[in-house]
Amino acid sequence: MTTYIIRRLIMMIPILFGISIISFAIMYAAPGKPAVMNLDPDISVEDRERQMEKLGLNDPPHIQYLNWMGNVVKGDFGTSFTKKQPVKDMILDRLPNTLILMLFSTILAVIIAIPFGVLSATKQYSKLDYGVTITSFLGLATPNFWLGLMLIMLFSVQLGWTPVGGVSTLGAEFSLLDRLHHLILPAIVLATADMAGLTRYTRSSMLEVINQDYIRTARAKGFRESKVIYKHGLRNGLIPIITIFGLMLPTFIGGSVIVESLFSWPGIGKLFIDATFERDYPVIMAITMFGAILTVLGNLIADILYAVLDPRIEY
Amino acid sequence: MLKNKSYFTMLSLLLMVSLFLVACGGNNAAPQTETNENTADQPTGEPQFGGNLILGTSGEPVIFNELYSTDTASGDITDLVFVGLTGTNENLEVIPVVAKDLAEISEDGLEWTFHMHEGVLFHDGVEVTAEDVAFTYSIFKHEDYTGPRAGSFTALEKVEAIDTYTVKFTLNEADARFGTLTGYGILPKHLLEHVPVADLEEYREFNIDKPIGAGPFKFVSWTTGQNLVLEANEEYFEGRPYLDNVTFRFASDSNALVLLLETGDIHHMIVPTTELATVEYYDHVNLHSTLALRYDYIGWNLARPLFEDKKVRQALTHAIDRQEIAETIMEGNATVAHAPVSPLSWAYNDNVAKFDYDPEKAKQLLAEAGWEPGSDGILQKDGERFSFTILSNSGNVVRRDIGIIAQQYLAQVGIEVKAEQMEWGAFLDKINAPNFDFDAVVMAWGLALDPDPSAIWHSKEIENGLNRSAYRNDRVDEIADLNTKIIDQTERAALLAEAWEILAEEQPYTYLFYPQQFVALSKQVQGFTHHPRIDMYKVNEWWLNQ
Chain A
252 MTTYIIRRLI MMIPILFGIS IISFAIMYAA PGKPAVMNLD PDISVEDRER QMEKLGLNDP
312 PHIQYLNWMG NVVKGDFGTS FTKKQPVKDM ILDRLPNTLI LMLFSTILAV IIAIPFGVLS
372 ATKQYSKLDY GVTITSFLGL ATPNFWLGLM LIMLFSVQLG WTPVGGVSTL GAEFSLLDRL
432 HHLILPAIVL ATADMAGLTR YTRSSMLEVI NQDYIRTARA KGFRESKVIY KHGLRNGLIP
492 IITIFGLMLP TFIGGSVIVE SLFSWPGIGK LFIDATFERD YPVIMAITMF GAILTVLGNL
552 IADILYAVLD PRIEY
Chain B
679 MLKNKSYFTM LSLLLMVSLF LVACGGNNAA PQTETNENTA DQPTGEPQFG GNLILGTSGE
739 PVIFNELYST DTASGDITDL VFVGLTGTNE NLEVIPVVAK DLAEISEDGL EWTFHMHEGV
799 LFHDGVEVTA EDVAFTYSIF KHEDYTGPRA GSFTALEKVE AIDTYTVKFT LNEADARFGT
859 LTGYGILPKH LLEHVPVADL EEYREFNIDK PIGAGPFKFV SWTTGQNLVL EANEEYFEGR
919 PYLDNVTFRF ASDSNALVLL LETGDIHHMI VPTTELATVE YYDHVNLHST LALRYDYIGW
979 NLARPLFEDK KVRQALTHAI DRQEIAETIM EGNATVAHAP VSPLSWAYND NVAKFDYDPE
1039 KAKQLLAEAG WEPGSDGILQ KDGERFSFTI LSNSGNVVRR DIGIIAQQYL AQVGIEVKAE
1099 QMEWGAFLDK INAPNFDFDA VVMAWGLALD PDPSAIWHSK EIENGLNRSA YRNDRVDEIA
1159 DLNTKIIDQT ERAALLAEAW EILAEEQPYT YLFYPQQFVA LSKQVQGFTH HPRIDMYKVN
1219 EWWLNQ
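Protein chains in written order, with the numbering used here: chain A, 252 to 566; chain B, 679 to 1224.
Worth flagging that the hints you see were computed from the coordinates, not collected in a lab. Incorrect hints may have been included.
Below, simulated DSSO-like cross-link-like pairs (lysine-lysine); rule was C-alpha separation at most 30 Å, straight line [said to hold, decoys possible]: (1) B:Lys888 / A:Lys305; (2) A:Lys284 / A:Lys374; (3) B:Lys888 / A:Lys339; (4) A:Lys305 / B:Lys1216; (5) B:Lys1108 / A:Lys284; (6) A:Lys472 / B:Lys867; (7) B:Lys1041 / A:Lys335.
If you want the ones that stay clear, here's a sample from chain A, every Cβ over 12 Å from chain B, calculated [stated by the list, open to error]: (8) Asn318; (9) Gly326; (10) Gln336; (11) Val408; (12) Leu421; (13) Gly448; (14) Ile490.
Glycine is no exception: its CB is placed at the ideal position from the N, C-alpha and C atoms.
Taking the hints into account, I'd like the entire structure generated from these sequences.
What follows is the structure, given as structure tokens:
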């Protein structure tokens, strides 16, 4: 197992290297140059040219890439073109916000989705099953931004129960309650899509387990139905679900872009989308690489978890 | 089981209720009255001290040092934290601030001397002197200066402190623009002189973490993505501001800001035209408007054979009803423009050629230029069809609509137009140097305080500069070169008037309109003055009716 993990970790290096080259090439080929200078008639052509030179934007692309890579190896992700701050600081500033939001919405999704998935499987073809199925498809089909807007209109604007956006009340001391208050709407919106998918996974995974021989055996032994389902069935049924979490890791960035923009939530997703519009290469590259690392790690974690949970899997 | 069932029912119920309530929302807002006139201009009662003013903004600032900042979000904050020798009032005239009076200018226009107020203090208690001013402006001239403004100060030879409160700028040639360049925030020499100029731009401790100026508000804190807090400077030389605190609250976009305004979370926002209809209905908000220092236009690419001929360009303008655009797309919040200069400028000249809506005249001009209707009804000349694309940036609804309206108007005179939109970065890349890959663009220029036309109209700006229409006219070049050397404003205005006449006659752009700009302000806020160029002007005179 240890050798397996080490081998996988070593394999990550060429993979990440390849991803970095491809991302850099795509970014460079995309239309639009870093909007280092806005179109300010006050700023002379010479000054604009000097800024480009200073940022190394006049170098050929392969030199730019090598410079970038050289710094990254030294742990330096460079300075944002537009915000003039170290990219590392910008990401570290925003990361906690994204993590809190993700954690909260994942928990929310799990505590709702798994019980409903299990119930749906055990009462297959019942009214409840149909209800859960329809709701989860609705959840999958509802665009995040639409749901978010609706919830803001209802709870923030009409009822005034929740804040319109932001992570905490302006000028207030830190308080957990205040945080939760701000967290609740974005977390619900973010959780809906996850929730729907997770319910479906749980349902099908449980259905498969319920039809296994050992469940029939347990029933035959005269165990109570709840014990059969929750003790014998659930444990096995959840194995594939847990591995899904590993694969959900990279969606931390992608999934949050819309929700973070909608709720003015200063996280990585918002940072990424702003950087993309501004062609802020160092920020784009750093977040892309961060996402790539999460994806590769997430896959690894999923594999390890699978091996740990299912003794039949060997490496 | 039962518990879960009821939970599910509740969830679905909630969803249904939310749909219903949201659907009602629109109707609830309708019956409110139109109260949003400029009532806040007459303050109700006496100014009060205290309170925290919350300004909503979607742009995150970058750097609190005017020598290096280029974005408006940073400018909004430095305007409050720093003061300069001069400033501008709401009529866009240069006025003295830390200087007691406007500059004493020598006969030859080369020496500009300012006498400064005594007792103006930086936020750390040290007095602002001529040394600080000399220090600040000498940075622009330093060979290691890394900011974007070196080009503005090419005329500056040296700057020196004559005595504690007198500073003298020496120019190497007369530069009429120089007055507008004396408003940069004065930096504290005692805090920055030990920093090499080459490192100054990256000097976080001052530029970002703790900027110290002599302005009406002191910097307190900045939490990225969330808010930025300023507090009143008790020692401000024009008197303590009424407000205790000013907080900038950052939100994603104007939609988010409008929601924050509706719930009363912010007191102030700049309202884009697209949000006006919504904001007009809020009865706790006053809407202020004033002419913006800018004009919107359709720019023609003169390097393309289609637009070479002046008559064709004049015809295009004749064919488009700009009055209609101002009334429908801009909902009446714009005035038709005829030349590339704002009516707010002292150099404005109304006496220029005007090409009003006249499709018959357009057809006639096109015929004179050799364009004849082809078999498909589209004009043709030498086998070439008159067909082109109008480009604008996506996300901008107003420009999209202008493209579409232009398409319809031009179709009526036999010209085929496609209206397209592109993402901003890609759009700029396409239309700017070195690509210049466009037929026509819908754009706008925010104008500088000084009306010098060089940056946009001089032929030397074609290759790399902002003259992307590739406009070339010897007389305009001559005027552009000459105008900045004339210190006398009346004389200079007369010369510039000729440039506007030429540019109006030649129609390298179809000048569309001068738009109004809007600010929404909570009715609690009093003492507001709307400045065409400064988003938060004289905030030290604002107060909250609590």
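Which of the stated hints cannot be reconciled with the structure, identified by number in ascending sequence?
2, 4, 6, 7, 10, 11, 12
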